[in-house]
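Make a model of the complete structure from these sequences and hints.
Chain by chain, the residues:
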Amino acid sequence: MKVTIETIEYIANLSKLKFDTDEKEAFAKEFESILTHFENIQNEDLEKAKFSLMDNTVGTLRKDEIKTFENRKELFQNAKEIKDGCIVIPRILE
Amino acid sequence: MKKIIEMSIEEIKEAYAMKTLKVSQVLEAYFDQIKKYDDKIKAFISLREEEAIKEAKILDEHLEKGELSGLLAGIPVAVKDNISTKDLKTTCASKMLEDYQPPYDATIVKKLKAAGAIIIGKTNMDEFAMGSSTENSAMFTTKNPWDYSKVPGGSSGGSAAALAAGFAPLTIGSDTGGSIRQPASFCSVVGLKPSYHRVSRFGLIAFASSLDQIGPFTRTIKDSALALKVLQGKDPLDDTSKESSNIDYFESIDQPIYKMKIGVPKEFLSEGLDSEIKENIVKTMEELRKLGAQVEEFSLPISDAGLSAYYIISSAEASSNLARYDGIRYGYRPEDYKDTDDLMLKARTEGFGKEVKRRIMLGTYTLSSGYYDAYYNKAMKFRSKITDTFKKAFETYDVILSPTSPILPFGIGEKTSDPLEMYLADIYTVNINVAGLPALAMPSGFSKDGLPMGIQLIGDHFDESKLFQVGNHLEKKIKVKDIFPKLEVK
Chain U
1 MKVTIETIEY IANLSKLKFD TDEKEAFAKE FESILTHFEN IQNEDLEKAK FSLMDNTVGT
61 LRKDEIKTFE NRKELFQNAK EIKDGCIVIP RILE
Chain H
95 MKKIIEMSIE EIKEAYAMKT LKVSQVLEAY FDQIKKYDDK IKAFISLREE EAIKEAKILD
155 EHLEKGELSG LLAGIPVAVK DNISTKDLKT TCASKMLEDY QPPYDATIVK KLKAAGAIII
215 GKTNMDEFAM GSSTENSAMF TTKNPWDYSK VPGGSSGGSA AALAAGFAPL TIGSDTGGSI
275 RQPASFCSVV GLKPSYHRVS RFGLIAFASS LDQIGPFTRT IKDSALALKV LQGKDPLDDT
335 SKESSNIDYF ESIDQPIYKM KIGVPKEFLS EGLDSEIKEN IVKTMEELRK LGAQVEEFSL
395 PISDAGLSAY YIISSAEASS NLARYDGIRY GYRPEDYKDT DDLMLKARTE GFGKEVKRRI
455 MLGTYTLSSG YYDAYYNKAM KFRSKITDTF KKAFETYDVI LSPTSPILPF GIGEKTSDPL
515 EMYLADIYTV NINVAGLPAL AMPSGFSKDG LPMGIQLIGD HFDESKLFQV GNHLEKKIKV
575 KDIFPKLEVK
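Heads up: the protein sequence lines correspond to chains U and H, in order.
Quick note on numbering: this note's numbering labels position 52 of the first sequence as 52, and the sequence is numbered without any gaps.
If you want this note's numbering, it's the position in the second sequence, counting the first as 1, plus 94.
Calculated directly from the structure, the hints in this document are not laboratory data.
Among the clues, some could well be false.
[Said to hold, decoys possible] For lysine to aspartate or glutamate, the following EDC-like pairs were computed, each having C-alpha atoms within a straight-line distance of at most 16 angstroms:
hint, chain 1, residue 1, chain 2, residue 2
1, U, K18, H, D435
2, U, K29, H, D435
3, U, K16, H, E444
4, U, K29, H, E449
Here is the structure:
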């Protein structure tokens with residue numbers, strides 16, 4: 001199968017990643033060899049196989065109780081800029 | 095007496111019980127070893143010496159009074175840098191999380207601390223656990239203690255190398271497609287990937303949530319069983335974890351294995367397997383027969399397409415899990431940006447390394463409209479087939495034996511140019527994660543050039559007991575656990 005530069009650009013856009021021309025070309029080449037290898041899965045007889053679900057796991061609900069979160073400061077310790085208890089981001093409304 | 099840094103957890107615990115060693119003495123011995131050799135090996139991303147020594151002193155007071163309690167009391171432990179530690183940076187070996195300080199401990203870190211273990215530092219890995227050599231670390235590449243020109247394996251290469259180099263008697267890793275077992279074999283240590291559901295993943299920075307499991311690196315099989323006892327159990331913070339606190343692996347670990355049936359998938363011994371590793375497996379099969387087990391080859395025709403299914407599923411989950419890194423709340427933030435969109439684009443483009451981007455791209459591709467049916471849907475169907483195939487095999491066999499890696503530890507830089515070649519080397523380990531099974535990697539000898547080789551024992555779901563039992567007997571027969579690498583400062 002042929003992986004085009006346009007496909008790489010489309011996927012990069014969905015992934016929120018940016019690549020220069022050389023990187024795009026390298027990706028197209030690598031993708032081609034990886035996806036060609038993946039084609040071995042097409043030869044498998046999966047007619048009767050069902051989509052794998054983690055159906056042996058039972059979801060559990062906890063009680064809806066109010067708990068006070070003490071260390072608010074720690075929760076924000078990794079944000080780059082804080083103003084009035086909020087994380088600063090670029091302006092999104094004009 | 096044996097050197098402290100060569101002792102097993104069991105031996106250190108005995109020395110504490112006899113009061114022939116103090117906790118601070120043990121800590122000092124390991125930190126001395128780290129200071130002497132880690133400049134060269136580079137297993138650690140961060141160390142916490144001062145706090146660890148303080149904790150050791152407190153434990154020594156307990157020891158003095160005969161009140162040292164906890165399954166891992168006074169045992170130094172190093173943790174892979176994708177497992178959250180409060181007050182200690184958790185970088186995932188990525189520029190994206192270079193200065194990330196988790197506000198909480200992972201559940202397994204809490205468990206280690208509650209058992210009395212002392213965290214001594216965080217170990218190097220492939221960025222976001224994606225890779226098989228630590229060469230994808232944004233920090234540095236860890237060297238194999240047995241041969242500095244070789245990789246230690248990955249992604250938990252720092253944890254495996256740290257154990258082999260005598261930097262700790264217990265280290266913790268994570269395994270999504272072989273990331274504990276392959277480095278364990280490359281560094282000649284014991285590495286366990288527990289059954290999916292066995293150990294809580296809360297606080298483990300996610301790569302592929304349906305495949306990730308946390309597990310220990312140890313010198314011996316018994317230490318591995320002890321570590322699992324500490325790590326396992328239901329966690330309300332991880333709904334996929336299940337209760338297993340009533341299991342005692344030590345009840346059966348010394349029982350003979352002469353009634354056991356051990357299967358070796360013949361597909362795992364075919365084309366592509368290094369001839370010395372093949373010879374080693376045949377020898378291991380003989381040893382198991384001498385122990386009275388019934389060993390035979392059988393067909394498990396899943397490995398090739400299984401590798402594809404693994405890379406499709408893991409990359410798909412990674413592309414979704416890593417969407418959270420947007421440079422807003424935490425993580426790398428670029429210097430200049432026009433607007434939020436530009437901020438996110440630059441944060442991700444500058445913050446992620448090449449392999450991480452490749453997996454995000456691959457995952458996004460296989461999930462995208464038009465390709466979903468051909469890739470992700472097929473892979474998830476094949477996943478059921480893999481699980482069923484293993485289930486059927488375990489109706490006949492107690493344990494499955496296989497090599498861990500088709501190749502010996504390779505040279506640093508040798509395989510970085512072709513990603514597919516690197517992926518293909520995961521052929522024996524990935525299917526185990528896809529099926530959610532437990533597997534134990536253990537040392538099984540050395541190549542003519544002195545490079546470590548390892549085998550993998552695979553068990554049915556939640557059947558770690560049998561792995562420990564077979565491993566324990568094999569360990570006594572193979573006799574490589576007391577061979578240590580000769581480290582050089584140069």
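Does U/K16 pair with H/E444 here, judged by a C-alpha cut-off of 16 angstroms?
holds (11 angstroms)
Compare the distance between the alpha carbons of U/K29 and H/E449 with 16 angstroms, and conclude whether the hinted pair is satisfied.
holds (15 angstroms)
Hinted pair U/K18 and H/D435, Cα distance within 16 angstroms:
holds (12 angstroms)
Does the structure keep U/K29 and H/D435 at a Cα separation of 16 angstroms or less?
violated (28 angstroms)
Checked against the numbered hints given earlier, the structure breaks only hint 2 and satisfies all the rest.
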